[in-house]
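Novice: Please build the complete structure, drawing on both the sequences and the hints.
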Amino acid sequence: MKVGIKSYSYCLNHAPETGSHYGGTPYEAFHSGKEQEFLDALPKHLQSYDSARHYAPNQTYIGGISYEEFEALPSGWVNNPLPDEKANRYGKFGEIMPEDEFLGLISACDEFELVWLEKSFAEAVSAKLAQDPVITEAIVKRVVRPKNMHELAEIDTEVKDRDGLYLYHDGKPVGCVRSGHPTDQCLTAHVLLENLAGKASGVLALLHLLKNSGLDPKDLDFVIECSEEGAGDVGQRAGGNFAKAIAEVAGCVNASGCDVRGFCAGPVNAMINAAAQVASGARKNIAVVAGGSIPKLFMNARDHVKKGLIALEDCVGSFGVLLVPDDGTMPVMRLDVLGKHTVGAGGAPQAVTSALTFEPLQAAGLTFADVDRYAPELQNHEITEPAGAGNVPLANIKMIAALAVMKKAIEKSEMMNFIKKHGTIGYAPTQGHIPAGVPFIGPACELINEGKIKRSMIIGKGSLFLARLTNLADGASFLIEAPEKVEAPATVSKDDIKAMILEVLGEVAGKLA
Amino acid sequence: MGKLAGKKLLLLGERDGVPGPAMEACLKDSGAEIIFSATECFV
Numbered sequence: 001m002k003v004g005i006k007s008y009s010y011c012l013n014h015a016p017e018t019g020s021h022y023g024g025t026p027y028e029a030f031h032s033g034k035e036q037e038f039l040d041a042l043p044k045h046l047q048s049y050d051s052a053r054h055y056a057p058n059q060t061y062i063g064g065i066s067y068e069e070f071e072a073l074p075s076g077w078v079n080n081p082l083p084d085e086k087a088n089r090y091g092k093f094g095e096i097m098p099e100d101e102f103l104g105l106i107s108a109c110d111e112f113e114l115v116w117l118e119k120s121f122a123e124a125v126s127a128k129l130a131q132d133p134v135i136t137e138a139i140v141k142r143v144v145r146p147k148n149m150h151e152l153a154e155i156d157t158e159v160k161d162r163d164g165l166y167l168y169h170d171g172k173p174v175g176c177v178r179s180g181h182p183t184d185q186c187l188t189a190h191v192l193l194e195n196l197a198g199k200a201s202g203v204l205a206l207l208h209l210l211k212n213s214g215l216d217p218k219d220l221d222f223v224i225e226c227s228e229e230g231a232g233d234v235g236q237r238a239g240g241n242f243a244k245a246i247a248e249v250a251g252c253v254n255a256s257g258c259d260v261r262g263f264c265a266g267p268v269n270a271m272i273n274a275a276a277q278v279a280s281g282a283r284k285n286i287a288v289v290a291g292g293s294i295p296k297l298f299m300n301a302r303d304h305v306k307k308g309l310i311a312l313e314d315c316v317g318s319f320g321v322l323l324v325p326d327d328g329t330m331p332v333m334r335l336d337v338l339g340k341h342t343v344g345a346g347g348a349p350q351a352v353t354s355a356l357t358f359e360p361l362q363a364a365g366l367t368f369a370d371v372d373r374y375a376p377e378l379q380n381h382e383i384t385e386p387a388g389a390g391n392v393p394l395a396n397i398k399m400i401a402a403l404a405v406m407k408k409a410i411e412k413s414e415m416m417n418f419i420k421k422h423g424t425i426g427y428a429p430t431q432g433h434i435p436a437g438v439p440f441i442g443p444a445c446e447l448i449n450e451g452k453i454k455r456s457m458i459i460g461k462g463s464l465f466l467a468r469l470t471n472l473a474d475g476a477s478f479l480i481e482a483p484e485k486v487e488a489p490a491t492v493s494k495d496d497i498k499a500m501i502l503e504v505l506g507e508v509a510g511k512l513a
Numbered sequence: 001m002g003k004l005a006g007k008k009l010l011l012l013g014e015r016d017g018v019p020g021p022a023m024e025a026c027l028k029d030s031g032a033e034i035i036f037s038a039t040e041c042f043v
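Here the protein sequences come in this chain order: L and F.
Using my numbering, read the first sequence as starting at 1 and increasing by one per residue.
Using my numbering, read the second sequence as starting at 1 and increasing by one per residue.
There's no promise every hint is true.
Said to hold, decoys possible - Covered by chain F, according to a simulated footprint, are these stretches of chain L (three or more residues, beta-carbon under 8 Å): (1) 341-352; (2) 383-393; (3) 454-468.
As the list claims (entries may be wrong) - FRET-style restraints, in silico, Cβ to Cβ: (4) F:Gly2 - L:Ser256: 58 to 66 Å; (5) F:Lys3 - L:Asn449: 55 to 63 Å; (6) L:Val234 - F:Ile34: 34 to 42 Å; (7) L:Ala369 - F:Ala5: 19 to 27 Å.
Claimed, not checked - Over 10 Å on every C-beta distance to chain L, these chain F residues come out as not near it, computed from the model: (8) Glu14; (9) Asp16; (10) Val18; (11) Pro19; (12) Pro21; (13) Ile35; (14) Phe36; (15) Val43.
FYI, nobody ran anything at the bench for these hints, they're computed from the structure.
Built from N, CA and C at the ideal position, the CB exists for glycine as well.
Specialist: Pasting the structure below:
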């Protein structure tokens with residue numbers, strides 16, 4: 001059973017000022033009151049929007065450069081910015097949106113007068129957003145709704161007297177997120193900022209997905225959202241539903257939606273969920289979408305600051321994938337070859353890797369070398385290595401290669417070659433669920449369409465133990481393959497039938513003679 | 001019993017490296033006392 005991958009989108013929202021105030025690590029440092037040195041130093045380690053646009057991993061993510069171009073670049077991307085002609089705001093898959101416009105988009109996604117922007121700032125970003133080819137007129141107008149525009153004095157009062165949080169641009173307050181309830185800890189300004197930023201970045205990904213696919217928003221049937229945020233109130237602290245809220249802003253009036261969660265394994269599980277619904281005919285198409293995470297911004301910045309490096313975790317990431325019935329013309333996602341990390345599999349790296357790669361491949365009669373490219377977690381190692389978290393994609397492909405040797409699929413002497421040929425280099429922002437294999441869906445489909453590869457495996461792993469519910473890890477995987485050409489059904493015209501009858505009659509007449 | 005016998009161990013695992021439970025399994029028969037084991041995620 002297969003479904004077609006019609007289109008994909010990948011976007012980044014540059015958010016250094018929001019992140020340096022409300023990213024999990026800086027926010028915690030501020031509230032601990034013990035890390036003033038780090039907080040004072042962090043602004044000096046931020047990169048500008050222009051630098052973020054010239055950063056090769058970011059351009060790879062939005063499709064500004066191809067994965068093959070990225071792979072050919074020398075390491076040390078931060079010290080080797082891309083030339084101007086390859087550093088555009090818009091790429092084949094999406095865009096890198098500047099922070100002021102992102103604040104405007106967050107405001108446009110607010111339905112409850114929770115986001116206030118200073119009037120002149122709102123008007124300026126509304127005009128800028130109007131230039132974005134995917135931002136609708138309705139969204140542009142929402143940024144300048146009177147109820148969302150206020151004087152700075154009112155914004156100050158909201159922050160100082162009613163637990164709001166400032167929004168910053170160029171080092172100055174330009175708005176605030178208001179508290180949603182006087183006592184409910186699920187509706188504090190901080191939680192609401194996280195959720196509204198997740199919604200807004202998800203909207204951007206969905207709008208680019210619709211543009212890339214050419215699908216009329218009215219024809220979208222269903223949305224599955226798979227970020228790591230939890231929206232709800234005290235009675236149901238992660239009740240949802242991001243999917244439907246995102247579809248609403250994107251004008252998908254005939255769509256419904258729901259959320260799928262599973263930490264970093266959420267997106268792969270959402271893809272499987274969506275593919276099963278499309279393959280069964282339950283839905284005619286589904287957009288799998290995820291917005292990004294404010295708390296993950298500058299997660300590793302303590303180490304980056306300590307080592308005098310640029311704090312690169314400044315972009316909120318998002319993605320979208322449109323699944324449709326397989327018609328033999330587009331890359332497909334297979335539903336008969338799924339990796340599943342079971343409860344009983346255990347947490348040993350070998351067991352996890354086996355469950356996600358060897359076992360599904362073996363069941364399908366495939367072997368390790370049949371997969372041209374493995375995409376097992378695509379964190380950018382220029383971010384993770386200085387923080388001591390290593391090169392995550394490389395660690396994963398090494399484990400796959402070692403397992404291939406153990407299963408006698410390759411010789412030990414071939415390991416390094418296997419790693420180079422079948423691995424992927426990480427380029428995704430450390431946004432938790434975003435790097436979890438799914439950034440490579442787009443490049444894999446492009447490479448398949450260009451006839452350069454036949455098959456890729458997307459792998460997502462989730463750290464379930466973070467919620468303190470279980471010590472288990474999780475993981476899931478699926479294969480993307482080249483389409484099988486569907487032969488057009490043979491048609492027979494009236495003339496063909498006449499000719500056949502005459503031929504038979506001729507044969508009969510010949511026998512009678 | 002090896003050189004860890006009688007020792008107290010703190011095990012800090014990492015999701016994409018070696019997780020805590022895997023280290024616990026390896027060290028089960030070492031004679032050491034595992035007083036803390038956790039797995040963290042830094043990505």
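Novice: Does each hint fit the structure? Answer for all of them.
Specialist: Taking the hints in turn, this is what the structure says about them:
1. 341-352: holds (count 4)
2. 383-393: Since three or more residues must qualify, the claim that chain F covers the region 383-393 of chain L holds, with 6 doing so at under 8 Å.
3. 454-468: holds (count 4)
4. F:Gly2 - L:Ser256: 58 to 66 Å: At 59 Å between Cβs, range holds.
5. F:Lys3 - L:Asn449: 55 to 63 Å: 57 Å, holds
6. L:Val234 - F:Ile34: 34 to 42 Å: 38 Å, holds
7. L:Ala369 - F:Ala5: 19 to 27 Å: Given about 44 Å between the Cβ atoms, the range is violated.
8. Glu14: 7 Å, violated
9. Asp16: 5 Å, violated
10. Val18: 6 Å, violated
11. Pro19: 5 Å, violated
12. Pro21: It is violated; F:Pro21 is separated from chain L by about 4 Å at its closest Cβ, not greater than 10 Å.
13. Ile35: 16 Å, holds
14. Phe36: F:Phe36 clear of chain L: closest Cβ-Cβ about 13 Å, beyond 10 Å.
15. Val43: Non-interface label fails for F:Val43: nearest chain L Cβ at 5 Å, not farther than 10 Å.
Hints 7, 8, 9, 10, 11, 12 and 15 from the list above are not met by this structure, while the remaining hints are.
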